[in-house]
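Undergrad: Each chain, written out:
Number of protein chains: 2
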Amino acid sequence: MLSSRLFKRFSSTVTIKPTPSKTHHHQPIPSSSFPSGYLLTGIYAGVKKKAGVLDVGLILSTSSRPTSAAACFTKNAFKAAPVIVSEQVIASNVGRARAIVVNSGCANAVTGKQGMEDAWAMVKETDEILPPPSASGSSSHETLVMSTGVIGQNLPISKIISAIQSQHENSSTRSLDNDFAAWERAAKAFMTTDTFPKLRSRTFTINGREYKLAGMDKGAGMIHPDMGPPSIGPLHATLIGCIMTDAAVSPLSLQRALTHAVERSFNSISVDGDMSTNDTIIVLANGASAPDGAPEIDEKTDKEAYEVFRKELTDFAIDLAKLVVRDGEGATKFVTVTVKGAPTYEDAHRIASRISTSALVKTALYGEDANWGRVLAATGSVPLSAPLHPNKVSVTFVPSDGTTPLPVLVNGEPEKVDEERASEILSLEDFEVLVDLGGGDKAEVARYYTCDFSYEYVRINGDYRS
Amino acid sequence: MLSSRLFKRFSSTVTIKPTPSKTHHHQPIPSSSFPSGYLLTGIYAGVKKKAGVLDVGLILSTSSRPTSAAACFTKNAFKAAPVIVSEQVIASNVGRARAIVVNSGCANAVTGKQGMEDAWAMVKETDEILPPPSASGSSSHETLVMSTGVIGQNLPISKIISAIQSQHENSSTRSLDNDFAAWERAAKAFMTTDTFPKLRSRTFTINGREYKLAGMDKGAGMIHPDMGPPSIGPLHATLIGCIMTDAAVSPLSLQRALTHAVERSFNSISVDGDMSTNDTIIVLANGASAPDGAPEIDEKTDKEAYEVFRKELTDFAIDLAKLVVRDGEGATKFVTVTVKGAPTYEDAHRIASRISTSALVKTALYGEDANWGRVLAATGSVPLSAPLHPNKVSVTFVPSDGTTPLPVLVNGEPEKVDEERASEILSLEDFEVLVDLGGGDKAEVARYYTCDFSYEYVRINGDYRS
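These protein sequence lines are chains F and E, in that order. Mind the numbering: the first sequence is residues 1316 to 1781 in the numbering used here, read in order. Mind the numbering: the second sequence is residues 1316 to 1781 in the numbering used here, read in order.
Keep in mind the hints are simulated off the structure, nothing from the lab. Given the structure is predicted, the values throughout are model-derived calculations rather than measurements. Please note that a few of the clues may not be correct.
Given that identical chains are not distinguished, each listed pair holds provided it fits within a single copy or across any two copies.
[As the list claims (entries may be wrong)] Below 30 Å or equal to it, Euclidean Cα-Cα: the simulated DSSO-like pairs (lysine-lysine) are:
#1 LYS1618 - LYS1439
#2 LYS1527 - LYS1439
#3 LYS1618 - LYS1757
#4 LYS1731 - LYS1364
#5 LYS1731 - LYS1474
#6 LYS1337 - LYS1439
#7 LYS1757 - LYS1615
#8 LYS1731 - LYS1428
#9 LYS1707 - LYS1428
#10 LYS1731 - LYS1337
#11 LYS1626 - LYS1337
Bound-form chain F, shown alone (with noise of 0.2 Å):
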């Protein structure tokens, strides 16, 4: 028996360690650095129960251009009534679109007819509250639709309308705008189990011209999204979140640079290895600061700016990718999982997203412990293309300071590992294991964002819904 072991598994209370604050990602945001033409806000219809709790979100694009719409979506079988509605909105339209509705605090998710009812209910009433047709002259659906929240519950459909309605442009509630508190607002409409709003934006130049980007998400549980674009089959998600630019794309390039965006950011998250109903990345392109006149950009007619935007969009996405993973469900750490010298790319994903999700290896970052073995072991546990050279493998903690980084398994042999310095860097808030299988520079390097499990994850999920 081990004794020691044991007094453990059975004495009965626990200190937790307190959860860093993490209010200081959130900063305030000068308004000259949002996109133009989009009108936002953030409304409390009483989707959650705590009165005043912004839970509908409301983007409009007021661009006089056609504004182009492309989205990821999950590849979960039981996709939720919102993403249903999104996909078939889109698929009618083109790839264009005007308008999001997002509410949270309820999922609308496995609800039958009735949540597909709803879904369009949202859709429609928000359509209402478009400025006349844009220069698309669409006159079908023009807005998408998410919903995050708890499953298999209806939702307050009568209060999320009213909401929407308090938004008319003759409504005296009217609270639509374009600066930073608008922005901030809808981001807050987003939050779920959230402990702030995650709200970016940044500035671009593509042909000598300044465009923006800006753009928010949530998580903070259920996350590890596999997104696929629209109509590729069955997709998977609860992170849910949305980027505006007033650069003008065309709706197939939006669509491609997304893919390649998502493929790099959101589908490399995790936080607990679950995939959700309702997973969705929505991206508007409006066009409100290109030159009058001028051509969207696409990658057929001018690859050079269309790789400059697909690089801008994918180093934003993975910005904001990267703040659900710090505000994940009791998270204490953000660790970067880092796989490299794999037969290929798929392969060294594969890994990257194992070790990322290994429970064993996230309660060993929990409790700041150097256990290499168990990243060893969910490394050797991934099928891969080629077989691996345990001879050849390398695993290395990387400090985010700056300050050298430490071997602890060189060509598969354990390293005497200074326990010491081991303790320093993984006591940081933020480090990076390194996984280099040996195999080379040649396989394009990939990276997961991951966080800790820790009590305060168990706590968070043992009474969800209570």
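Starting from the known structure of chain F, fit chain E onto it as the hints suggest.
TA: Below, chain E without anything else, positioned relative to chain F:
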């Protein structure tokens, strides 16, 4: 902001629900219930720090007939030295072996050349205490070796060698025997974070003759085995166990029966979803109770007898596997996940595995929350061989006490759940989550055994090495 949630995230202590005592699962077994022709013991060698805790086990076959041996090993790419050595011994002896040596406290994994030498040293030393060569006349190594514990540390090999030497025939400290106490000592030498030794026996009849099976195993973390027969490819586990019978079974049929049994038992349990570098299940069949001169049971010559044996072995393996889940690190629940009506058995098995490893499902089980939405999200995230029809899927919570099951989702529509009744069922230590995909009863039912995810799990694994 969800203030009640926030409060929960930042308060600093929590009372851990007492882990139910599991020691009653270990009970005396009459010495007459063990198979004939075996000698066993467990010794304190000093691998574990705590004095007197058994950490080396020995199992010898003393039968005058040849002893068949079969095994399933981990598919992990980083196979521990004892796994590689045992594979070689079985292969070079064409399925014959007469002894098993096991140590706990150190996994002898990722230990390079020294690790291989140490594993071979354990084999050679145990060979020395075997009785004179069996009828097979083998002069090669006849011992299989297993190790479990921390990865990346070398064995204190001289201590282990001394322990084995203490069991030489002429040694005054020899404790090898075939009574309950001897089997219990061996079972205790398997334990790491286990809270009770896992030892069972069973009697069965073939062709009018009575035989016995007895065996032992251990968990309690890094449990999500995926084991295959030797040399099938890279294999996974830290589940180790062995089963001994006094029936006579040919090596090939013994391996086929074990592979079948392991798929339905040890490869269908999950504590934490992590595969180990050491998982090994060994079966020995020494024929000590077989009629004089009778041929070994073989699938080709007596299919009926083989099928009886395979069924007994499978049921027994399921019993042993369940004990591992029952004693999972921090487990307070024993949950059977049954999936039926899937396109294929493999689809059903994949879904059952996914549900059984979902952190969100497992924390809900710990919280006694009938959160079928998480069950459904896990189900929907598995890619299947044919599309799943959400409106045919049903989920039911089935109590273990024989009272009425509680449907929570019927043909894709949420039921109005009687929360009181749900609490009643979920407060049981044992219950079943039944997922029916509605594809009819043609496909074989897949069944997985899992446990919940508790504060205890985090505590045990947050500082395993320290």
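Undergrad: So which hints don't hold here, by number, going up?
TA: As far as the earlier hints go, 1, 6 and 10 are violated by this structure, in ascending order.
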